[in-house]
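Asker: Listed here are the chains, written in short residue letters.
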Amino acid sequence: MRHLRKAALLLLLTACGGAAESGAKQAGAPAAICSNRSTGQPAIAPLLRAQSEDIILTHATIWTGTGAPLTDSWIRFSKGRITAIGSGGAPKVNTDGGGGAKIIDATGKWVTAGIIDTHSHLGVYPSPNTSGHDDGNEATGPTTPEVSSQDSVWVQDPGFERALRGGVTAMQILPGSANLVGGRGFVMKNKRGARIAEQLHFPGAPETLKMACGENPKRVYGGQGRMPSTRMGNIATVRQMWLEAADYRKRWDDYNAKLDDWCGEDDRSGEPPEAPSRDLGQETLAEVLRGHILPQIHCYQADDMLNQVQIADEMGFAIRSFHHAVEAYKIRDVLAAKQISVSTWPDWWGFKIEAYDTINEGPGLLTEAGARAVLKSDSPITNQRLGQEAGKALAAARSAGVKVDENDAIRWVTANAAWALGIDQFAGTLEVGKMADIVVWNHQPLSTYASAVWVFVDGIAELDPNAPADPWSDFEAGTNNHVRGGR
Amino acid sequence: MSRIFAVAFATILLAASSASAATHDRCVTGATIYSATEAPRAATVCITAGRISGIFDAAAAAPDAGETIDAKGSWLTAGLTDVGTQVGLIDIEQEHDANDTEGGGDPVRAGLRADFDYNPDSAVIAVCRSGGLTSVISGHSGGLISGVAEWFDLGRGSSAELLPAQRGLLRASYGSGAGHTVGGSRGDAMLRYRELLDDVRSYAGNRTDYLQNRMRELTLSRTDLDAMIPFAVTGGTWVVDVHRQSDIEALLRLAAEKRLNFAFTGAEEAWKVAPALSAAGSFVIVSSFSNLPGSFDELGSREENAALLDKAGVKVILTTTETHNARNLRFVAGNAVRAGMPWQRALASVTLHPAMLAGLDKDYGDVSVGRVANLVVWSGDPFETSTTVQHLMVRGERLPTTSRQHDLLRRYRSMDGYQRP
Chain A
232 MRHLRKAALL LLLTACGGAA ESGAKQAGAP AAICSNRSTG QPAIAPLLRA QSEDIILTHA
292 TIWTGTGAPL TDSWIRFSKG RITAIGSGGA PKVNTDGGGG AKIIDATGKW VTAGIIDTHS
352 HLGVYPSPNT SGHDDGNEAT GPTTPEVSSQ DSVWVQDPGF ERALRGGVTA MQILPGSANL
412 VGGRGFVMKN KRGARIAEQL HFPGAPETLK MACGENPKRV YGGQGRMPST RMGNIATVRQ
472 MWLEAADYRK RWDDYNAKLD DWCGEDDRSG EPPEAPSRDL GQETLAEVLR GHILPQIHCY
532 QADDMLNQVQ IADEMGFAIR SFHHAVEAYK IRDVLAAKQI SVSTWPDWWG FKIEAYDTIN
592 EGPGLLTEAG ARAVLKSDSP ITNQRLGQEA GKALAAARSA GVKVDENDAI RWVTANAAWA
652 LGIDQFAGTL EVGKMADIVV WNHQPLSTYA SAVWVFVDGI AELDPNAPAD PWSDFEAGTN
712 NHVRGGR
Chain B
10 MSRIFAVAFA TILLAASSAS AATHDRCVTG ATIYSATEAP RAATVCITAG RISGIFDAAA
70 AAPDAGETID AKGSWLTAGL TDVGTQVGLI DIEQEHDAND TEGGGDPVRA GLRADFDYNP
130 DSAVIAVCRS GGLTSVISGH SGGLISGVAE WFDLGRGSSA ELLPAQRGLL RASYGSGAGH
190 TVGGSRGDAM LRYRELLDDV RSYAGNRTDY LQNRMRELTL SRTDLDAMIP FAVTGGTWVV
250 DVHRQSDIEA LLRLAAEKRL NFAFTGAEEA WKVAPALSAA GSFVIVSSFS NLPGSFDELG
310 SREENAALLD KAGVKVILTT TETHNARNLR FVAGNAVRAG MPWQRALASV TLHPAMLAGL
370 DKDYGDVSVG RVANLVVWSG DPFETSTTVQ HLMVRGERLP TTSRQHDLLR RYRSMDGYQR
430 P
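Same order as they appear, the protein sequences are chains A and B.
If you read the first sequence in this note's numbering, its first letter stands for residue 232, the second for the next number, and so on.
If you read the second sequence in this note's numbering, its first letter stands for residue 10, the second for the next number, and so on.
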């Protein structure tokens, strides 16, 4: 049960003493509760596979995501990391160390960082849509911070491979939006062969928390004749929740301070302090308040977002990304000033009154204002063509005279997405030292006609045009191999 | 060849007449025409009284016109038509006063016609135009037989004015969902179809007996019986939402036995039965975005569906299956091309083939003299994300390519005047 272990690790890292409650009274235990405190390290699942050879993509148009395109250039990666990027077609063996590497000629092709989808329900609402795998909303109470989408992910969802073919190398799997707090998100790499979601965990990614505001929670719970049934009910419920979480945090912070003192004593005479009782949901919320878990809040309307900003200010935490947020353009000055990213669509609208004011120029306007726009899918269909989504938003913005370019547009689905998930130091751009999550496209990456030809994750060719076709998902074994054929 | 000659001949006649008295209402100059049936050509396209009144060599002198639209470097196509929409029946899905998409009561709702509910003031319509749609086929959903869908031009006027004379298309469904609708298996849905076909035919042949109460009890209401006659007896086109190969095959057998005219929509596994669909001459309406085994009815879903059907000679129509974003039809076409469909075939599947499905291809679906002037001028390849709509005409009238969404853009282009919270 990763969640339990993860919760325990968080305690060890930040709050200490998960075992103190039962262990403190026993002989010999006091030393353990002190020494345990420094040994906790997050257990990162071993890689499914390791890159076995250096690879160099040559003669490509490279969109690094950090500026203007590099024409007729090359990129080298080794052991899952980008090791060099250069111009002039291909590396010179003597000066650039091109020897010994596998060379892939990318003449006439484009290279970008892997696409990152900040809003996906793959695995928790998988294909096929079955009652047995309907695992995205723990819709039994309006706040369920104790659950984690990772524990719902069905790794055999055929959507993962479709996403990979759309160039998606990382994504955030979120619980649904039935609840004001839906549970932790799961930031993952899109790789073949996992037997449990944990093996897909994005190394080094911070934890995230899915929240929701507005119509969705009040519809779900109002429909059950319980609170919240209104927006004011939403806000009151969330505010009360945060006040209780602040108390919980304080109890643990006080305890840890006392434990620090006790462990610092030479003789450790007397009883160690007594640990407060644990609550998985409160632990998660306390970690948000400490700034270790990044809140991802589903909100459509500008006023709903501003209400959430007020609560965050009041409680002292930072919202990392608003999701859907079709009215973000109306408050882009605030979002820029507060450093809150916006995970949105270029054009989805009209399915509810909250989504009535979408404009296609939204991402462009946000970018112009200095806010971080992200285009995400919330759909197993759209996440196969996020480049096109960026292309549509770019065309609309340009048409309206908003000064944005292709580099901005690719960042909407790479670098900005990485920032929204707190993994921008590892991924999202093509720079030396970053993870080798790389896509080779057969057309300009924002074009309708662009298909991924190669997709590398940790330097491994997860999509390889020369590899035999065999579906990732066991579900498609035997019955559906044509899906990959016909090419 | 003969077609091209006819066009050229008509052009000469019109050119001659325009020189004397008649003036074209407007002409579009400088664009390249992309047609479903002919090679691209640079030409001037003129419009009079809502129809294309002349197509002239680009090099010739500009015809006499009330208005000339300079479209140098642009692409001109027939306006696009999405056949799978509920445009005009809905503004907001969740609000019942803004959503008339589904009939009620009995699962057979043949008497329900789209124009009963069509609202030409819906905010969705201008959004459709912003993506180059000049018409839609719109209709109800739900039930076993959802109602009669109709072609609407996305122009100004009442719903009656925007509705060309047509029989309409009977929307129906088959498969696991249809089985569920009638409270059982797909076989129960098939029984219901057979029963209602027998009932309609009995009724059509003995209407007087029915009205005088001298007939066995029928399973349909009188309005449904009357509405079904064009589709069950006289060859009107059904559009059946169906997904699984075996279900498509069952419908092909039913159509052959009962002499019915079926088009298939959804049709994710149609590529598996492409030769039979081609032989039957059926239209197949698909989305190039469908490539996931979303249910056990569509385990064979794949993005090459449209390309494979087209290659087998099936008349393919592409649809978004959406309403609010039916404007993205051009990208559904582009993605079909990405998955292997020839570009011009993809254009046909969003222009000419929809008009053929509706029985309106003499008047709609291509750029030729005499056809209704539903035309779009694009900044480039209409299927590309970077392309925008420059001009749009419905029945020859220039309409804005902007919508309520552009008015919101104008209101928020500057943040001045908004109070900081």
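Hint data in this document are derived by calculation from the structure and do not stem from the laboratory.
What you are looking at is a predicted structure, and each value in this text was computed from that prediction instead of being measured.
There may be inaccurate statements among the hints.
To be verified - If you want a taste of the chain A side facing chain B, the calculated C-beta under 7 Å gives, among others:
{"#": "1", "residue": "LYS561"}
{"#": "2", "residue": "LYS583"}
{"#": "3", "residue": "PRO611"}
{"#": "4", "residue": "LEU677"}
Claimed, not checked - Across the chosen pairs, the derived CB separations fall in these ranges:
{"#": "5", "chain 1": "A", "residue 1": "LYS583", "chain 2": "B", "residue 2": "PRO351", "range": "57 to 67 Å"}
{"#": "6", "chain 1": "B", "residue 1": "ARG203", "chain 2": "A", "residue 2": "PRO696", "range": "24 to 34 Å"}
{"#": "7", "chain 1": "A", "residue 1": "ASP327", "chain 2": "B", "residue 2": "ALA51", "range": "26 to 36 Å"}
{"#": "8", "chain 1": "B", "residue 1": "ASP66", "chain 2": "A", "residue 2": "GLU284", "range": "18 to 28 Å"}
{"#": "9", "chain 1": "A", "residue 1": "ALA708", "chain 2": "B", "residue 2": "ASN128", "range": "26 to 36 Å"}
{"#": "10", "chain 1": "B", "residue 1": "GLN103", "chain 2": "A", "residue 2": "GLY456", "range": "14 to 24 Å"}
{"#": "11", "chain 1": "B", "residue 1": "ASP73", "chain 2": "A", "residue 2": "GLY632", "range": "28 to 38 Å"}
{"#": "12", "chain 1": "B", "residue 1": "SER423", "chain 2": "A", "residue 2": "ASP327", "range": "27 to 37 Å"}
{"#": "13", "chain 1": "A", "residue 1": "GLY435", "chain 2": "B", "residue 2": "GLN353", "range": "42 to 52 Å"}
{"#": "14", "chain 1": "A", "residue 1": "LYS583", "chain 2": "B", "residue 2": "ALA51", "range": "43 to 53 Å"}
Using N, Cα and C, we set each Cβ at its ideal position, and we do this for glycine too.
Asker: Could you run down the list of hints and mark each one as holding or not?
Answerer: Evaluation of the provided hints:
no. : hint                               : result
1   : LYS561                             : holds (6 Å)
2   : LYS583                             : holds (4 Å)
3   : PRO611                             : holds (6 Å)
4   : LEU677                             : holds (6 Å)
5   : LYS583(A) to PRO351(B): 57 to 67 Å : violated (39 Å)
6   : ARG203(B) to PRO696(A): 24 to 34 Å : violated (49 Å)
7   : ASP327(A) to ALA51(B): 26 to 36 Å  : violated (48 Å)
8   : ASP66(B) to GLU284(A): 18 to 28 Å  : violated (60 Å)
9   : ALA708(A) to ASN128(B): 26 to 36 Å : violated (49 Å)
10  : GLN103(B) to GLY456(A): 14 to 24 Å : holds (19 Å)
11  : ASP73(B) to GLY632(A): 28 to 38 Å  : holds (35 Å)
12  : SER423(B) to ASP327(A): 27 to 37 Å : violated (49 Å)
13  : GLY435(A) to GLN353(B): 42 to 52 Å : holds (49 Å)
14  : LYS583(A) to ALA51(B): 43 to 53 Å  : holds (46 Å)
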